[in-house]
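Using the supplied hints, reconstruct the complex from the two chains, each of which is provided in its own coordinate frame.
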Amino acid sequence: MTALAHAAVDPGGVDPAPPAPEAAKRSWTAYLLLLPGVLWLGVFFLLPLVQLAAVSLQSRYPGFAGYYYRDLNFANYASALTDYAPHFARSFLYAGLATLLAFALAYPLAYAMAFKAGKWRNLMMICVIAPFFTSFILRTFAWSQILADEGWVVGGLELLHLLPGGQIINTPVAVVAGLTYNFLPFMVLPIYASLERADPRVIEAGGDLYANGFTTFRTVTLPMSMPGVLAGTLLTFIPAAGDFVNMELLGPQQGKMVGNVINDQFLAIPGGYPVAAALSFTLMAAILVMVFLYVRRFGTEELV
Amino acid sequence: MSTTTTTTANGPAYRPSAAKRAQVWLANHFAMLTAILVLLYLFLPVAYTFAFSFNDHGKTNIVWQGFTWEHWQDPCGVPGVCGSLVTSLQVGAISTLVATVLGTMMALAMVRYRFRGKAASNVLIFVPMATPEIVMGAALLTIFVQGFSNIGISLGFTTIVFAHIMFCLSFVVVTVKARIQSLDPRIEEAAQDLYASPMQTFWKVTFPLILPGIAGAAMLAFSLSFDDFIITNFVSGNESTFPKFVYVASRRGIPAEANVIGFSMFVLAVLLVVGAQFVGSVRASRVKE
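So the protein lines, in turn, are chains A and B.
Our numbering numbers the first residue of the first sequence as 26 and each following residue consecutively.
Our numbering numbers the first residue of the second sequence as -16 and each following residue consecutively.
Pulled out of the complex, with its shape left as it was, chain B reads as follows (with noise of 0.2 Å):
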């Protein structure tokens, strides 16, 4: 920006060569031109994920055969793929919604009160996200198939969402913290000084304040559920998710029927993501009001 005023500003006479204001220009441009490189870059296997679902393949969706609307007309047509896509559907919505009222929990008590054990709570809370998946599916492997299968828990279902439940809460504890922590203190105070109870603070005050923050947690941890496949393969048994199927049905090539309902999750979450935008920006434009 600077290089071009002082430019103009030596006077109408001085005009520089072409060259030279397309090398300014670049300059200027530079993060934002490397910024729609990256993200091209980071849309290429979406786009073919996208353009696969139409091809007309044999047994293998690997190289381009032809167009045909026939996945998207019947994308259960293949055996087990809808089957998976609903027990990963059920099993994000059971941890989401388990993972988010622990977590929310937490996050309350880790904001707002001084206690013994902060600290080792603190390394409890945040170890999880900095150990490796393969790690945290292998040590849940080996309690599930050495411990916990002699209390009558065997591998499935129930194994998938406590793993999950377990994985998302941190991410939900440190999404609602980092809401909490950005409140100001004051309204609260003003709500107890109008003599509401603790309870009613909290119910119409503090709540409704952290909900974006909840319902933005609620998201991550329902697409870290949902995406998930290293800790769910070690932990699931004969239980298939819809990321088990895919990898499991890669080694001979992913039927375009799985290339439609990922690019249809996708879809449905991307116009989630802008409604929720578009409405954290209606009710934020209401309160300047």
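Chain A with its partners taken away, still in its complex shape (with noise of 0.2 Å):
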């Protein structure tokens, strides 16, 4: 994570200077500066997702929508767990995928930045941040423009007999897209800051070894990259398993992900938020399993 604020906010990259001497600090300083931020914390963040766990297992009032009480009431999650398997599959499907193809994208575009750019650099980071100051809103609509029947991609992809389903927008395909666009500069700015970091020396040496382009790629270049492809790759499918808007923007009626059933839940169905709830928490532990199985598997010290 610490990789995606480095890029953002320093790329141009800094030497990292030798450890500070800590332990002369006396520590009642550091509980005062960390005091405010820790509360707020607290209030705001670890406090509700108490609330939301005691929601997730309160029931409804027969007859009374938007009317709980406390109560333990596990059929919440047996519900979100049966009822909702579907979506959830799909919305670890959709990630999924979308998060393989950023990562297909924003590889040659990092390498290309931390490697082949060299004045260039500066511009083409500005060019991968400066899409985001667009309401990420107003460009998933854009897609639903660009992909629909009428525009130029499925003219295009009809003439070349390609798309026999004849149709992008409002199916998988589309929200998949949807996906892979919004969350890609989250992939690219830890893999560029990872590779900038790295000394292209010990690439040279690779081809100095006789090892051919591949080869020197694939045991030395990747390898180095790791720290940036895993932080990319969790910053990438995390919001995208969450997400709803791409789904209900450019997806189709039926067959929608999670999120949109929690949001719907909450927000639209009378009486929704205890399985709501259980649905929000068991994507987040879903979330929480995977991303620790996944750090243990290819994590290094750098990710926390």
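Read the hints as simulated data drawn from the structure, not as lab findings.
Fair warning: there could be bad hints in the mix.
To be verified - Simulated pairs of lysine-lysine, DSS-like, Cα-Cα distance not exceeding 30 Å:
(1) K141(A) / K42(B)
(2) K187(B) / K101(B)
(3) K144(A) / K3(B)
(4) K42(B) / K227(B)
As structure tokens, then:
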């Protein structure tokens, strides 16, 4: 995660300085500095999660939509896991596909920025961040225009007989395309940050030792960029798995993702709170478990 | 690169065929060509947003119907669009200010001090970034509706600001932390050797050095806040922010006035970033002299 922030803020890169001698500092100052921020996160992050957990076990007053009483109603979780299993499956599938696609697009871009761009490096960095500044809903809506039935993308593909269904918009393909697009910069920035810190002489050494281009890439370059790849895949997968905007603007009417269900149950369907809370908690738990396993498998100390 | 040098090193008599040369050129420029294509892909929807801000549309702004300056002449012409923009700017300004101050303090504590509970604090800062927005939004909604409404805080401007400060905070901490970690601690030691008090050392030495990091964090916080929809949608009640306005409008077609505002924000932000880069490079070259 530091990688993203680092790249976003300091594209030029800074040499790591020797660590500060910490022992001498008195700790009560540290607590004073930390207190307001920790309190804020406690009240507006941890406490709401506790409340969400409580709500996920509440029961509805029969006949009074929107009124709940305290309970230990685990049926909410049973409902979340059985009724909405396909929604979870779709969320993780689409987010996984989008993460893979984003990786395939982001790596060459990050690589070119780190090793080939020269004086164009900062300009390319600005180009990666700049689209962020147009509201992401406006950009997602623009995709619905680009992929529309009468648009040039569909027209071109039909001309080449590459589109058997005759439609992209309102299909899962459009959703994955939208997710890939929206979270691509989150993949580019950390990969770039870790490539940029890599010593190009190490990669040259691979060539000097008679490794061909691909072998050098596979055994030297890619491993060196792993911290960035790791951070990038997490920063893409997590928001993509919880997203509902792409599905709402680009996807089909049927076969929604879990984010859509949570959103609708909370904001559109009266009396939906407990099941929606159970769904949210399940989503969070599933993602935390996946992140934990993933970081243990590929992780480095650089992440947290 | 290396391929071209070896082929010419074989002697002037050897001249690779055009196909071979094209192949070598492609191999050398493959990453750059792909990069340019990906950048074009990133900008395509922005170009659409720009183009459709000139669309002379009727009820819906989905299909191109002809050119007009109308929407640029009166971007507030549609009810609600400028009101939501003002709300977004206010929310962004307050959240950025609070999150940047609190986050910078936290970053200083995390890098410069050793204390009990540091690992736990690290986790508390990291987990919000690894939590899907929809879960945070849902959690905030439950506590605002079932808890905070009892003490007189109902969904609206205040709850949006509370939520935005929360999710910006972690990003500010990691950004400023990276900057502080890159500082050479010997500079501060030198200040103290010259009898500067801890306060003087901080305000005259440390703070100016980490200021670029703080500025970057503030920009990041503002852009996160300004563009947030998912969490805002949960905690905003009847208040409308710019992204919420656009989302609600998208069901019947976004008015071109929203495109005008969205694209103008883009231009403003890019100018700001380019300006900041320019100032940064001028400062850097002065230091070198």
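Fill in: Indices of hints not satisfied (ascending)
1
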